[in-house]
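Number of protein chains: 2
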Amino acid sequence: MSQASSAKEVVVPGEPAASVRIGLLGCGNVGSAFFSMVTDGALSVAARTGISLEIGKVAVRDPSRFRGGLESHSRLVERLVADPWSVVQDEEIEIVVELIGGVEPARSLVLSALEAGKPVVTANKELVAACHAELLAAAEGAGVDFLYEASVAGAIPLVRLLKDSLAGERISRIMGIVNGTTNYILTRMSEEGIGYAAALAEAQALGYAEAEPSADVEGFDAAAKAAILAGIAFDSLVVSSDVYREGITSVGASDIDFAKRLGYEVKLLAIAEREGNDGPVSVRVHPAMVPSSHPLASVRDSFNAVFVEGEAAGELMVYGRGAGGRPTASAVLGDVIEAAHHLREQSRPRPTKRRAASLKPISELRARYYLSLEVLDRPGVLAAVAAVFGTCGVSIRSMEQVGLMDEARLVFITHTALEADLQATIAGLERLDSVERITCLLRLVDSEEPE
Amino acid sequence: MSQASSAKEVVVPGEPAASVRIGLLGCGNVGSAFFSMVTDGALSVAARTGISLEIGKVAVRDPSRFRGGLESHSRLVERLVADPWSVVQDEEIEIVVELIGGVEPARSLVLSALEAGKPVVTANKELVAACHAELLAAAEGAGVDFLYEASVAGAIPLVRLLKDSLAGERISRIMGIVNGTTNYILTRMSEEGIGYAAALAEAQALGYAEAEPSADVEGFDAAAKAAILAGIAFDSLVVSSDVYREGITSVGASDIDFAKRLGYEVKLLAIAEREGNDGPVSVRVHPAMVPSSHPLASVRDSFNAVFVEGEAAGELMVYGRGAGGRPTASAVLGDVIEAAHHLREQSRPRPTKRRAASLKPISELRARYYLSLEVLDRPGVLAAVAAVFGTCGVSIRSMEQVGLMDEARLVFITHTALEADLQATIAGLERLDSVERITCLLRLVDSEEPE
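Residue numbers (our numbering), protein chains in the order written: chain A, 27 to 477; chain B, 27 to 477.
Think of the hints as simulated: they come from the structure by calculation, not from any bench. Remember, it's a predicted structure, so these values are computed and weren't measured experimentally. Cβ atoms here follow ideal geometry from the backbone N, Cα and C, with glycine treated the same way. Be aware that a few hints might be false.
What the hints assert, rightly or not - Reference excerpt, derived from the structure (chain B facing chain A, CB under 7 Å, subset only):
#1 Met63
#2 Asp66
#3 Ala159
#4 Leu162
#5 Ala163
#6 Val265
#7 Asp268
#8 Arg271
#9 Gly340
#10 Glu371
#11 Pro377
#12 Ala434
As the list claims (entries may be wrong) - Listed below are the simulated DSS-like cross-link pairs for lysine-lysine, each with C-alpha atoms no more than 30 Å apart in a straight line:
#13 B:Lys386 / A:Lys286
#14 B:Lys189 / A:Lys379
#15 B:Lys189 / B:Lys379
#16 A:Lys379 / A:Lys189
#17 B:Lys386 / A:Lys189
#18 A:Lys189 / A:Lys386
#19 B:Lys379 / A:Lys189
#20 B:Lys189 / B:Lys386
As the list claims (entries may be wrong) - Residues of chain A placed beyond 12 Å of chain B at every Cβ, according to the derived structure:
#21 Met63
#22 Asp88
#23 Val129
#24 Glu218
#25 Gly219
#26 Ser308
#27 Ser424
#28 Val471
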């Protein structure tokens with residue numbers, strides 16, 4: 027008996043067989059973890075859910091790189107093909123799992139699968155963030171599922187939380203730590219007092235950060251996830267390029283130290299919030315000062331967490347592994363089981379209503395700000411700096427001066443101000459001869475200001 | 027036009043009307059919050075989900091206690107009935123929401139509704155913990171949903187996490203703070219250094235604790251939730267009385283202080299864990315020492331959180347409001363929307379496979395222990411106490427003696443030991459003349475012991 031047919035024969039005692047054949051596109055970390063979960067866990071999945079799963083084909087760029095050996099490896103090698111289209115077009119494949127990453131050819135393959143009536147499960151955040159509306163429309167047109175729980179925050183069940191658990195809820199704000207690399211770097215800076223460069227080097231040595239780290243440290247990865255989350259939470263069409271984005275490269279050890287002394291941790295947050303019931307949506311990614319007592323402040327290392335504020339549900343947070351082969355594969359498998367149930371039940375997916383989002387520009391944000399600048403250490407500098415704040419209508423709540431050789435560092439916390447006024451302040455400060463440079467800007471969150 | 031018919035006419039533009047008529051049993055905190063969410067939020071729920079909801083009848087013990095006035099109150103008063111059976115038997119009622127609490131008459135009403143082919147949504151943990159198997163069987167027999175997300179941890183989407191998101195996952199352990207009252211008391215003791223009695227009095231003054239607080243402080247409430255969670259996580263039949271239970275009444279300020287100095291917080295935990303894939307299940311509720319760096323340690327005040335460890339997903343935690351009218355109503359509404367979708371799709375619920383659980387007795391637990399005792403302050407006492415530990419095979423990791431008038435307090439942390447041996451140690455210590463009393467026993471969690 028071949029491995030393929032033995033995998034097919036996993037049947038729950040007393041239940042009719044309901045084997046569902048999956049085609050896998052891509053077999054890197056997530057794909058190989060998913061393959062193992064399905065093949066090694068077939069019996070327990072079947073016992074638990076009544077669905078028996080089988081992987082029919084696995085498309086990889088270069089099948090010759092894979093070798094058999096262990097039994098599970100041999101079962102994988104038997105199923106490898108080089109042409110992803112042969113998976114999508116195979117009539118025996120009932121569900122397509124897309125783990126290639128990037129927009130093309132993933133987008134064309136997914137559209138083709140959906141149009142052929144096959145539900146698709148993906149972990150591809152670039153694809154979902156860029157082409158959400160098109161793919162959902164194709165899925166609805168074909169009457170099949172397009173599921174993407176694994177595309178945001180790995181194993182953390184955010185999509186299901188927002189779509190199902192909070193289906194009747196008015197969500198006012200989502201704030202998340204959705205990038206593990208930057209959270210690892212900021213945790214090390216906060217706990218060890220080391221600088222950004224040293225923490226980045228450590229993250230790179232551990233494999234948490236890429237040699238070219240800009241997708242993480244400049245906030246591009248977080249921005250894609252912010253777009254997906256804002257889309258679900260507010261039923262709106264938001265793409266990555268709609269997201270205001272700042273990374274963590276200008277955050278220094280002294281900024282984190284200062285924040286800690288005030289009772290804050292610095293975190294890179296993806297924030298989506300809506301004013302009132304139908305107001306404009308603000309979607310942004312930037313480093314922020316989070317009060318130490320806030321649940322997000324104690325999310326350490328490479329963990330992710332997303333904090334949701336609902337009108338009736340109140341404050342909710344989900345926490346877990348936001349990346350990694352096995353956690354992401356676990357989320358993919360949850361979606362595959364849902365798609366398989368729907369296939370067997372012949373139920374059509376529920377229509378998703380998405381409207382064009384009215385986006386609130388960052389200039390209209392109102393927040394408290396942390397601003398640090400290096401100035402020449404000479405008389406009259408503080409007066410000149412303070413005058414710029416005053417002229418721009420930004421009220422200073424506290425200021426501290428730290429000597430720094432013949433220069434000095436000034437650190438300001440403002441009262442609540444309009445972002446446009448704060449940006450005008452920064453521009454004004456940069457024009458002063460006595461200001462060497464603006465070193466760091468942080469926005470404070472969740473501060474009830476006792477003004 | 028009457029309020030009833032205007033509520034009925036909420037229609038999504040371009041969509042066929044799909045109004046679903048709900049019958050509500052009970053209208054206390056949760057019921058009235060649910061009524062408001064449905065009637066005030068009907069348009070936005072319909073826009074978001076394509077389902078328009080309408081409340082047909084509301085059964086309360088004494089309709090004359092309710093008065094009209096505000097528009098929403100008037101709409102409620104119009105729908106009140108005194109006989110819950112008239113709701114369950116009403117042919118126009120399509121979904122029954124049970125918020126009466128307790129086992130009877132809730133159980134009979136729910137069974138009757140299910141047998142009449144009406145899906146039931148409940149927030150009643152006593153009912154679910156006691157009659158889970160019977161109610162699920164009735165629902166499956168009738169081909170309708172029985173949903174109970176709101177019965178555990180209020181707005182926190184635990185049931186959906188375990189049933190759907192982790193459908194393909196092997197869960198090894200669940201640890202949760204599932205009782206807000208005791209977490210509030212322990213938080214106040216930890217942060218203010220006050221004793222148990224003072225913290226309880228404060229919780230009672232704030233309405234967090236009942237005048238007769240034993241359901242909370244003795245762990246009965248947490249045990250019911252532990253039974254529900256263990257049932258879902260391990261597909262097993264577990265009822266409240268299967269759960270080993272200790273409350274927090276013996277935890278003193280000095281115990282919490284000692285734990286903090288060692289880097290731990292004391293939390294009342296509901297724990298369900300399984301050895302291997304098919305081993306026995308341990309389900310228990312007791313105060314525990316949680317390392318300060320663990321995500322559960324920073325769950326403060328009356329918040330709840332549940333930490334789940336899955337083989338592939340890794341560590342996950344969900345956090346939020348575990349009680350209260352509006353958070354619980356939000357979870358009820360999520361379930362009602364799911365049931366309404368299934369009604370409209372005419373899909374049968376997925377069968378739930380539950381097996382009799384093989385339960386591991388507490389005597390077979392292996393853990394590290396914290397034990398504090400009051401002894402007479404005279405020579406030779408420590409030797410006698412240490413001899414009891416030694417005789418019972420429990421190895422002491424650290425000991426501290428604190429003077430206490432002419433008595434002394436001894437505080438021990440053990441190495442990993444078998445619970446049966448620890449209990450034998452306690453029995454032996456109680457037989458010593460020099461031991462006045464055992465004041466507190468805590469189990470340590472998540473400690474990787476460097477032995």
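Status of the hints after comparison with the structure:
1. A distance limit of 7 Å between C-beta atoms decides the matter here; for Met63 of chain B the minimum to chain A is near 6 Å, and the interface restraint holds.
2. For the restraint placing Asp66 of chain B at the interface with chain A, the shortest Cβ-Cβ distance is roughly 10 Å, beyond the 7 Å limit, so the hint is violated.
3. Hint status for Ala159 of chain B: violated, given a least beta-carbon distance of 16 Å to chain A, over 7 Å.
4. With 7 Å as the threshold, the beta carbon of Leu162 of chain B stays out of range of chain A, its nearest partner Cβ sitting at about 14 Å, so the hint is violated.
5. At about 15 Å, the closest approach between the beta carbon of Ala163 of chain B and any beta carbon in chain A exceeds 7 Å, and the interface hint on this residue is violated.
6. For Val265 of chain B, the interface hint is violated, since its Cβ never comes within 7 Å of a Cβ in chain A; the closest pair sits about 21 Å apart.
7. Among the interface hints, the one on Asp268 of chain B is violated; its C-beta lies about 21 Å from the nearest C-beta in chain A, farther than the 7 Å criterion.
8. Annotation: interface hint on Arg271 of chain B violated; nearest CB of chain A at approximately 27 Å, more than 7 Å.
9. Of the supplied interface hints, the one on Gly340 of chain B holds, with its beta-carbon coming within about 4 Å of a beta-carbon of chain A, less than 7 Å.
10. Taking 7 Å as the C-beta contact cut-off toward chain A, the hint placing Glu371 of chain B at the interface holds, the least distance being around 5 Å.
11. Checking Pro377 of chain B against chain A by beta carbon gives a least distance of about 6 Å; that is within 7 Å, so the hint holds.
12. For Ala434 of chain B, the interface hint is violated, the least distance from its beta-carbon to any beta-carbon of chain A being 37 Å, above 7 Å.
13. A C-alpha spacing of about 45 Å is found between Lys386 of chain B and Lys286 of chain A, which places the hinted pair above 30 Å, so the restraint is violated.
14. Taking the CA atoms of Lys189 of chain B and Lys379 of chain A, the gap is about 26 Å. The hint holds against a cut of 30 Å.
15. A hinted pair counts as satisfied when its Cα atoms are at most 30 Å apart, and Lys189 of chain B with Lys379 of chain B qualifies at roughly 11 Å.
16. Taken as a hint, the Lys379 of chain A and Lys189 of chain A pair is honoured in the structure, with Cα atoms around 11 Å apart against an allowance of 30 Å.
17. Distance hint between Lys386 of chain B and Lys189 of chain A is unfulfilled; the C-alpha atoms sit about 37 Å from each other, more than 30 Å.
18. Between Lys189 of chain A and Lys386 of chain A, the direct Cα distance comes to roughly 23 Å. Compliance with the 30 Å bound is thereby established for this hinted pair.
19. At most 30 Å may separate the alpha-carbon atoms for a hinted pair to count; Lys379 of chain B and Lys189 of chain A meet this at roughly 26 Å.
20. Taking the CA atoms of Lys189 of chain B and Lys386 of chain B, the gap is about 23 Å. The hint holds against a cut of 30 Å.
21. Remark: the non-interface label on Met63 of chain A conflicts with the geometry, its nearest Cβ contact in chain B lying 6 Å away (cut-off 12 Å).
22. Distance check for Asp88 of chain A against chain B: the nearest CB is about 26 Å away, which clears 12 Å, and the non-interface claim stands.
23. Its beta-carbon lying about 26 Å from the closest one in chain B, Val129 of chain A satisfies the requirement of being farther than 12 Å from that chain.
24. Listed as outside the interface, Glu218 of chain A is consistent with that label: its C-beta sits roughly 15 Å from the nearest C-beta of chain B, beyond the 12 Å cut-off.
25. Taking the minimum C-beta to C-beta distance to chain B, about 18 Å, the non-interface status of Gly219 of chain A holds against the 12 Å cut.
26. Against the 12 Å criterion, Ser308 of chain A stays outside the reach of chain B, whose nearest CB is about 20 Å from its own CB.
27. Taking the minimum C-beta to C-beta distance to chain B, about 26 Å, the non-interface status of Ser424 of chain A holds against the 12 Å cut.
28. Under the 12 Å C-beta cut-off, the non-interface status given to Val471 of chain A relative to chain B holds; the minimum distance is some 17 Å.
Of the numbered hints stated above, those contradicted by the structure are hints 2, 3, 4, 5, 6, 7, 8, 12, 13, 17, 21, listed in ascending order.
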